Structure formats: C-alpha cells, structure tokens
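The numbering of the sequence shown is numbering that gives the first Met the number 0, which starts it at 0 and goes up by one.
The set of hints was computed from the structure by calculation and includes no laboratory data. Any given hint could be a false lead.
Unchecked claim - Below, a list of computed lysine to any residue pairs in the SDA-like style, where the Cα atoms sit at most 25 Å apart:
{"#": "1", "residue 1": "K72", "residue 2": "A55"}
{"#": "2", "residue 1": "K70", "residue 2": "F59"}
{"#": "3", "residue 1": "K72", "residue 2": "R38"}
{"#": "4", "residue 1": "K70", "residue 2": "E58"}
{"#": "5", "residue 1": "K72", "residue 2": "S50"}
{"#": "6", "residue 1": "K70", "residue 2": "Q53"}
{"#": "7", "residue 1": "K6", "residue 2": "E34"}
{"#": "8", "residue 1": "K6", "residue 2": "G24"}
{"#": "9", "residue 1": "K49", "residue 2": "A10"}
{"#": "10", "residue 1": "K70", "residue 2": "A47"}
{"#": "11", "residue 1": "K49", "residue 2": "D32"}
{"#": "12", "residue 1": "K6", "residue 2": "Q53"}
{"#": "13", "residue 1": "K70", "residue 2": "D56"}
Claimed, not checked - Just the calculated beta-carbon pair ranges, DEER-fashion:
{"#": "14", "residue 1": "D62", "residue 2": "G26", "range": "26 to 36 Å"}
{"#": "15", "residue 1": "R37", "residue 2": "S15", "range": "13 to 23 Å"}
{"#": "16", "residue 1": "K6", "residue 2": "A54", "range": "12 to 22 Å"}
{"#": "17", "residue 1": "D62", "residue 2": "S28", "range": "12 to 22 Å"}
{"#": "18", "residue 1": "A10", "residue 2": "D62", "range": "15 to 25 Å"}
{"#": "19", "residue 1": "A21", "residue 2": "S41", "range": "15 to 25 Å"}
All values derive from a computational prediction rather than experimental measurement. For each residue, glycine too, the CB sits at the ideal point set by N, CA and C.
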Amino acid sequence: MTPAQTKAARALLDWSQGDLAAAAGLGLSTIVDFERERRVVSADAVRAIKSAFQAADVEFIDDARGEGVVKLKQQAFDK
Numbered sequence: 000m001t002p003a004q005t006k007a008a009r010a011l012l013d014w015s016q017g018d019l020a021a022a023a024g025l026g027l028s029t030i031v032d033f034e035r036e037r038r039v040v041s042a043d044a045v046r047a048i049k050s051a052f053q054a055a056d057v058e059f060i061d062d063a064r065g066e067g068v069v070k071l072k073q074q075a076f077d078k
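The task is simple: from the sequences and hints, build the whole structure.
So this is what it looks like as structure tokens:
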C-alpha cells in the first residue's frame, strides 16, 4: 500500500484523514505522516489502514505493470 493508494481510497469513500485514523484505530499523525511520506510507518499501521479500507468495500488490485489500483467493490454500489 502506498500513500497515493491511501489518498485515492479516501477519495472514493469521501473520508477525511481523521475518518481513516478512526476506522484504522490509529493516530491522525500516523495517517498524515504516511500520506506526506514524512516517515516510514510500521507494517502494523499499514495493515490497519488497508484493513479499514477493505472493511469499507475498497479493493486493492495490481495491474499488468504491477502497480496498485484502488476501486470500490461492486456490492458497495448496490447498498
């Protein structure tokens, strides 16, 4: 998971950085620092971020070039 993927996923969900921090159980500064690439955050923090998005029906896929793509699962549109 990259900072760019995090920003894209937040945009899909219309989440603020605070929303993501709450959903992931992390401090706001961890989200801000990760997205701004101020510091390397722990692997546990990255897993928590990804898990929060996955719980909100965001899917992460690798494209043909091995780059990450973010999308909402189809069922999210049906809710």
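Results of checking the hints against the structure:
1. For the hint pairing K72 with A55, the CA-to-CA distance comes to about 9 Å; that is within 25 Å, so the pair holds.
2. Annotation: proposed proximity of K70 to F59 holds, straight-line Cα distance about 7 Å (limit 25 Å).
3. Restraint check: the Cα-Cα separation between K72 and R38 comes to about 30 Å, which exceeds 25 Å; the hinted pair is violated.
4. For a cut-off of 25 Å, the pair hint linking K70 to E58 stands: about 5 Å separates their Cα positions.
5. Distance hint between K72 and S50 is fulfilled; the C-alpha atoms sit about 14 Å from each other, no more than 25 Å.
6. In summary, the hint linking K70 to Q53 is supported, as the alpha carbons are separated by about 10 Å, within the 25 Å threshold.
7. This hinted pair checks out: K6 and E34 have alpha carbons roughly 7 Å apart, not beyond 25 Å.
8. For the suggested pair K6 and G24, the alpha carbons sit about 17 Å apart, so the restraint of at most 25 Å is met.
9. Only pairs whose Cα atoms come within 25 Å are accepted, and K49 paired with A10 is accepted, the gap being roughly 14 Å.
10. Taking the CA atoms of K70 and A47, the gap is about 18 Å. The hint holds against a cut of 25 Å.
11. At roughly 16 Å between alpha-carbon atoms, K49 and D32 fall within 25 Å of each other, so this suggested pair holds.
12. Taken as a hint, the K6 and Q53 pair is honoured in the structure, with Cα atoms around 14 Å apart against an allowance of 25 Å.
13. The hinted pair formed by K70 and D56 meets the criterion: a straight-line CA distance of about 9 Å does not exceed 25 Å.
14. Distance hint check: the CB atoms of D62 and G26 are about 32 Å apart, consistent with the given range 26 to 36 Å.
15. In this structure the hint that R37 and S15 lie 13 to 23 Å apart at CB holds, the actual value being about 18 Å.
16. Taking the beta carbon of each, K6 and A54 are about 18 Å apart, inside 12 to 22 Å as hinted.
17. Under the hint 12 to 22 Å, the C-beta atoms of D62 and S28, about 31 Å apart, miss the expected range.
18. In this structure the supplied range 15 to 25 Å holds for A10 paired with D62, their Cβ-Cβ distance being about 18 Å.
19. A beta carbon spacing of about 18 Å between A21 and S41 agrees with the range 15 to 25 Å that was offered as a hint.
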